[in-house]
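Chemist: When we follow the numbering used here, the leftmost residue of the sequence shown carries the number 18, and every step to the right adds one.
Watch out, some of these pointers could steer you wrong.
In silico DMTMM-like pairs for lysine to aspartate or glutamate, Cα to Cα no more than 25 Å straight-line [unchecked claim]: (1) Lys-108 to Glu-42; (2) Lys-151 to Glu-202; (3) Lys-139 to Asp-79; (4) Lys-124 to Glu-188; (5) Lys-109 to Asp-99; (6) Lys-239 to Glu-125; (7) Lys-278 to Asp-46; (8) Lys-193 to Asp-222; (9) Lys-151 to Glu-212; (10) Lys-124 to Glu-110; (11) Lys-54 to Asp-298; (12) Lys-139 to Asp-169; (13) Lys-193 to Glu-232; (14) Lys-242 to Asp-222; (15) Lys-305 to Asp-245; (16) Lys-236 to Asp-79; (17) Lys-198 to Glu-187; (18) Lys-109 to Glu-197; (19) Lys-286 to Glu-299; (20) Lys-281 to Asp-65; (21) Lys-265 to Asp-99; (22) Lys-193 to Asp-143; (23) Lys-109 to Asp-79; (24) Lys-305 to Glu-232; (25) Lys-265 to Glu-102; (26) Lys-228 to Glu-240; (27) Lys-124 to Asp-99; (28) Lys-301 to Glu-110; (29) Lys-301 to Asp-63; (30) Lys-213 to Asp-245; (31) Lys-124 to Glu-197; (32) Lys-108 to Asp-143; (33) Lys-213 to Asp-143; (34) Lys-228 to Asp-63; (35) Lys-151 to Asp-100; (36) Lys-236 to Asp-214; (37) Lys-305 to Asp-65; (38) Lys-274 to Asp-34.
In case anyone wonders, no lab produced these hints; they're calculated from the structure.
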Amino acid sequence: MIINVSGRTDVVAYYMDWFVNRWNEGFFDVRNPFNPKLVSRICVSDIDMIVFCTKYPIPLLDTIHLFSVPIQLQVTITGYFDDIEPNVPNKKEVIECIKQLSSYIGKENICVRYDPIILNSKYTADYHVRAFHKLCTILNGSVSKMIVSFVDDYKNVRNNHLIYHNPSNEEYLMIKGAFEKSAAENNLNIVSCMEKDYAIGDPHDCCVSIKYAFERTGKLLKEWKARDCQCVSMVDVGAYNSCLHGCKYCYANYDSKQIAKNYKLHNSKSSLLIGQLGLDDEIKVRKK
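Sequences and hints are given; from them, build the entire structure.
Modeler: See the structure below:
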């Protein structure tokens with residue numbers, strides 16, 4: 018089993034003490050977001066690999082050595098300012114952290130996500146081309162892959178009043194050509210995340226491929242059927258509406274009042290990321 022930490026929230030940035038505690042205790046409890054009384058118990062002994070997804074990897078500098086399984090790190094770095102990412106930490110500090118972690122786990126196990134790509138009067142195609150090229154140049158030698166995608170029109174994103182437009186054919190081709198060129202010049206692979214109409218980069222690779230997972234774990238794991246992509250199956254240990262970054266494009270954290278409430282309910286000693294187990298909760302051990 019591969020665990021995703023996390024596509025629902027930034028565990029590394031805000032809840033790393035909890036994650037370390039759960040790892041040491043030997044299991045994680047995760048509520049089903051569609052049936053909250055149903056709780057999946059994930060045993061550490063069944064975990065073959067961890068995929069950390071974060072905007073702030075600094076807490077890993079002091080903890081990454083604690084985990085006895087292979088690790089892939091995905092760090093999101095965009096070119097946005099606080100009008101889009103109001104609470105995202107300093108990106109120069111994040112880049113320096115990536116370079117340090119690269120020397121520990123290897124650049125082949127670190128990806129940087131430049132996503133989502135938002136197009137509007139401020140963040141133009143030309144702006145993204147320049148920002149992406151600068152980022153690739155800085156990351157040369159420290160990471161193996163760049164992951165990109167255009168912003169999706171989720172209802173939750175619309176509620177944030179994010180102003181953007183879909184790329185025109187001219188904008189798409191400009192970004193595609195420039196991004197692929199910048200990646201190649203800096204010895205980086207580039208892939209799209211769940212893109213069909215606006216694909217960029219290697220069509221035979223993805224964020225976490227079955228091939229990569231096999232190379233890291235020695236196990237042939239299944240494709241992630243819950244998502245329309247080529248990635249290997251993963252189990253998310255996070256919870257929605259619990260991230261404090263406040264990114265306007267986020268589909269997973271869209272209710273500011275619920276986020277504040279959930280953050281207060283967090284207890285680093287609990288088996289759940291948010292809240293405590295109840296007497297009427299049904300716990301099922303998640304099988305490999």
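Chemist: For every hint, state whether the structure bears it out.
Modeler: Results of checking the hints against the structure:
no.	hint	verdict
1	Lys-108 to Glu-42	violated (33 Å)
2	Lys-151 to Glu-202	holds (12 Å)
3	Lys-139 to Asp-79	violated (38 Å)
4	Lys-124 to Glu-188	violated (31 Å)
5	Lys-109 to Asp-99	holds (15 Å)
6	Lys-239 to Glu-125	holds (22 Å)
7	Lys-278 to Asp-46	holds (19 Å)
8	Lys-193 to Asp-222	holds (16 Å)
9	Lys-151 to Glu-212	holds (23 Å)
10	Lys-124 to Glu-110	holds (18 Å)
11	Lys-54 to Asp-298	holds (5 Å)
12	Lys-139 to Asp-169	holds (18 Å)
13	Lys-193 to Glu-232	violated (29 Å)
14	Lys-242 to Asp-222	holds (16 Å)
15	Lys-305 to Asp-245	holds (21 Å)
16	Lys-236 to Asp-79	violated (29 Å)
17	Lys-198 to Glu-187	holds (17 Å)
18	Lys-109 to Glu-197	holds (23 Å)
19	Lys-286 to Glu-299	holds (20 Å)
20	Lys-281 to Asp-65	violated (31 Å)
21	Lys-265 to Asp-99	holds (10 Å)
22	Lys-193 to Asp-143	holds (12 Å)
23	Lys-109 to Asp-79	holds (19 Å)
24	Lys-305 to Glu-232	holds (18 Å)
25	Lys-265 to Glu-102	holds (7 Å)
26	Lys-228 to Glu-240	holds (10 Å)
27	Lys-124 to Asp-99	violated (29 Å)
28	Lys-301 to Glu-110	violated (40 Å)
29	Lys-301 to Asp-63	holds (14 Å)
30	Lys-213 to Asp-245	holds (10 Å)
31	Lys-124 to Glu-197	holds (19 Å)
32	Lys-108 to Asp-143	holds (21 Å)
33	Lys-213 to Asp-143	holds (22 Å)
34	Lys-228 to Asp-63	holds (20 Å)
35	Lys-151 to Asp-100	holds (21 Å)
36	Lys-236 to Asp-214	violated (32 Å)
37	Lys-305 to Asp-65	holds (9 Å)
38	Lys-274 to Asp-34	holds (24 Å)
Checked against the numbered hints given earlier, this structure breaks hints 1, 3, 4, 13, 16, 20, 27, 28 and 36; the rest are met.
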